[in-house]
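Colleague: Produce the entire structure from the sequences given, and follow the hints as far as they go.
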Amino acid sequence: MNLTLAQSLTQTHDEMPSLREIFDTITLQSGFNTNAVIVAASLLGIAGGIIGAFALLRKRSLTADALSHATLPGITSAFLIASALGLNARSLPVLLLGATISGILGVLCIHLILTYTRLREDAAIGIVLSVFFGIGVVLLSVIQSTATSSAAGLNHFIYGQTAAMLTNDAILMGAIALIATLIAILAMKEITIVCFNESFARVTGIPAGLIDGLILALIVLVTVSGLQAVGLILIVAMLIIPPAAARFWTDRVRMLIILSALIGALSGFVGSSISALLPRKPAGAVIVLCAGTIFIISMLAAPTRGVIAQLIRHAKLKLQIAIDHTLESKYQYPEHHPQTTFSLRVLLRLKGLTQSLSPSSALSQSGLARGRRVRRNHMLWEQYLVSCADIAPSHVDWSVDQVEHILDDDLITRLENEIRASGHNIDSQVQEITP
Amino acid sequence: MISETLRQYISFDLFPLTSAICVALSCGLIGNHLVLRRQSMMGDAISHAVLPGLVAAFLLASSRSPMVMFLGAGASALVTVGLIELVKRLGRVEPGAAMGVVFSVMFALGVLMLEQAAADHVDLDADCVLYGQLETLFFVAPTEWSQLFTVDTLKDIPTQVSTLLGLTFLAILFKLALHKELCIASFDPGLATTQGIHAGFITVLLMVMTAACAVASFEAVGSILVIAMLICPASTARLFTDRLSTQIKLSALFAILAAIIGYILASFVPEMLGMPSSLNAAGMISVVAGSMVAIAAIASPSHGLIAKSFRQRTLRKTVAIEDLIGLLYRAHETGSVQSKIASITPAMNTRDINQVIQSATRQGLITQSNDSLELTDAGHQAGAKIIRRHRLWEGYLVDQAGIRPDNVHDIAEQLEHLPTDEPDSNTQTDPHGRPVPPHSD
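Chains as they are written, first to last, in our numbering: chain R, 1 to 435; chain G, 436 to 876.
Among the clues, some could well be false.
[To be verified] Subject to a maximum C-alpha distance of 27 Å in a straight line, what follows is the list of computed DSSO-like cross-link-like pairs (lysine-lysine):
hint	chain 1	residue 1	chain 2	residue 2
1	R	K59	R	K189
2	G	K610	R	K316
3	R	K316	R	K351
4	G	K523	R	K318
5	R	K59	G	K523
It is worth saying that the hints were derived from the structure and are not from the lab.
Modeller: See below:
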């Protein structure tokens with residue numbers, strides 16, 4: 001069994017492209033056709049990134065999935081109609097026109113289901129996706145059963161295939177992507193406002209419904225432009241993954257859109273280059289996997305929202321809490337020595353909070369100060385909960401232990417003021433501990 | 436002796452049809468809860484994402500035995516569910532986007548792996564994952580009835596069919612055994628937890644069942660039918676009823692119907708129309724299931740468009756008649772027993788005043804002479820009732836809701852038509868000083 005795997009691996013090695021070839025491809029010097037495909041894929045990445053960002057903000061990611069599936073019946077009917085009329089049934093503009101029309105019909109169906117029935121959005125999306133795709137599949141089998149024409153080639157629209165793409169096809173695809181990008185940039189202000197605050201948009205005179213329709217139409221355009229290279233199942237990834245990856249790096253919408261476009265372009269460029277250089281690497285899948293890799297890196301490594309950053313923050317907080325607890329109890333009961341791990345003792349010593357490494361070590365000056373502060377915060381918060389927040393005194397400890405570590409100076413001053421303002425005196429116990 | 440046509444039917448159509456019904460039934464049952472929880476698209480994500488697992492299993496075991504494929508796809512499905520949850524929780528990504536990211540990457544991985552496998556002349560096809568190959572599930576039926584139920588014949592049943600039969604059994608068992616837990620966890624996870632039912636665990640179980648449906652069905656019918664069957668029958672049933680138990684029974688019925696009708700449309704009708712070969716059955720069944728949703732949306736007696744617009748029209752008519760006799764009553768109060776139609780028309784918020792007059796006349800509320808209207812005794816009583824409600828509501832709005840007297844008329848104009856109890860009050864006059872007509876009974 002492993003023989004086949006090994007074989008395929010060595011085969012791939014045999015066909016590794018030379019550095020020269022790689023250089024030529026990525027600097028767009030390897031033939032006009034390849035260049036056109038790579039440029040078109042990059043443009044598609046930009047269009048998908050920008051429009052996908054809006055779709056993400058509008059929570060329309062899965063609508064895009066339904067729309068892309070909904071293009072299949074359009075492609076197949078266009079093929080059937082064109083061949084019935086004696087036209088060239090494989091002409092790309094005709095097929096893409098069909099795809100656009102049925103994509104828009106899919107949008108309309110979702111809209112109708114949501115407006116006129118009690119079904120929710122997820123069900124509406126699922127119904128349109130499966131039924132439209134079902135129609136497409138039936139029509140495909142109709143095409144296969146009519147002996148006059150073969151459906152070979154239509155499959156490329158499902159999985160994507162750049163190998164058979166002509167230069168003209170690539171130019172058409174790039175042009176559609178470019179148009180979608182331009183429209184999105186022109187309407188960016190309005191779309192952004194609708195995404196963030198629909199009622200505000202209405203009040204300022206922006207037709208929210210129209211803008212919503214525009215976003216969906218742009219999604220259809222992106223889908224159509226990516227049909228041949230990426231395929232209708234995977235095209236949704238070009239709309240979802242780049243903005244989802246970009247979202248990890250920024251909280252600003254302009255930055256989100258720019259990053260998303262960049263990530264899309266990079267995936268399109270790298271993916272189609274790899275596909276051009278290596279055999280048996282379908283462009284659509286490789287582009288999506290590139291985007292997926294960027295997503296994983298972003299999710300792990302982004303500075304504030306990334307998983308690693310979150311874990312570090314979490315660990316830091318936990319450590320701070322452990323230190324505070326130790327200091328507090330050492331301050332409160334100097335005779336009693338809390339259980340501490342060796343590493344915690346090392347850390348306390350390193351920070352100069354204790355005088356030695358032994359578990360019974362006394363606190364240093366700064367350790368005492370910190371312990372006093374934590375103790376004071378604890379009691380202050382306890383008193384606040386009892387006197388101002390109407391919480392049963394027996395329950396105050398529940399949240400005190402967690403909150404005492406995150407009180408900053410500002411908040412402490414406000415706490416003191418609030419307690420005084422509510423007509424209570426600061427507890428004498430608290431007053432004994434000077435800050 | 437089995438007749439030739441019947442034998443042909445058993446050989447070529449019995450098992451595809453059985454498979455389709457099995458898929459429809461099991462997915463239809465499970466789908467009810469996905470639709471309720473607004474997680475319909477989970478089926479879509481899972482059924483796309485089984486692809487890399489299938490190819491990996493195939494490459495590792497280099498066999499196409501259904502058991503191997505089932506394990507690979509199952510592992511893939513569970514990984515997908517886990518990854519979606521991970522991306523949602525750790526990455527704080529919106530649920531829809533999380534699903535999209537995970538399943539598209541998984542599918543891309545599968546397509547790439549397939550392409551590599553194809554280089555080694557592996558006959559594995561992504562198409563079957565999408566649209567299935569129901570038509571290939573044939574079996575050579577014996578010529579004699581007595582041979583049909585022997586062990587030798589039965590072991591020739593395609594494994595996909597027995598897998599699907601097992602799945603259906605499992606799905607029904609799952610529903611019956613965990614009905615209460617599933618309902619309570621779908622409607623109110625908090626309540627479920629306080630009742631000692633672990634809502635999260637039930638959700639995991641539901642996802643595992645969804646994955647099982649997707650996996651067991653992929654080879655026979657493809658993902659497209661799985662998605663359609665998870666969502667459409669439940670949605671259709673949802674348009675007919677407000678009770679979950681009825682919805683589940685209805686959805687099972689619709690699922691089976693869609694499977695049978697779709698299969699007949701795909702397999703037998705094209706032949707009758709003289710087409711050279713049959714059509715894709717999985718696709719056709721999805722289309723039928725979708726048409727059922729459309730029909731239900733239009734014609735369902737409780738939630739359909741026709742019923743809704745009929746109810747709306749009836750209500751509009753009632754309101755218009757009530758407005759008319761209200762107007763006539765007010766005119767009567769000021770001393771004019773008869774009112775000219777022309778003077779009433781502008782105050783009536785209706786397009787066709789003649790129709791309203793006709794209906795009111797038929798109900799014996801008014802009489803018409805030339806171009807004037809007059810209330811009958813019954814009409815006078817009804818008018819008093821309407822005006823009483825109107826003025827009591829006005830009083831209520833001013834006294835209890837603190838609205839200024841000159842703003843209450845329009846609100847009361849709507850409230851007077853409500854079939855609720857009139858506001859509790861003993862006042863004799865409304866905020867504008869007009870008398871409140873006494874209670875008619």
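Colleague: Hints first: check each against the structure and report whether it holds.
Modeller: Going through the hints against the structure:
{"no.": "1", "hint": "R:K59 to R:K189", "verdict": "holds, 18 Å"}
{"no.": "2", "hint": "G:K610 to R:K316", "verdict": "violated, 46 Å"}
{"no.": "3", "hint": "R:K316 to R:K351", "verdict": "holds, 14 Å"}
{"no.": "4", "hint": "G:K523 to R:K318", "verdict": "holds, 23 Å"}
{"no.": "5", "hint": "R:K59 to G:K523", "verdict": "holds, 14 Å"}
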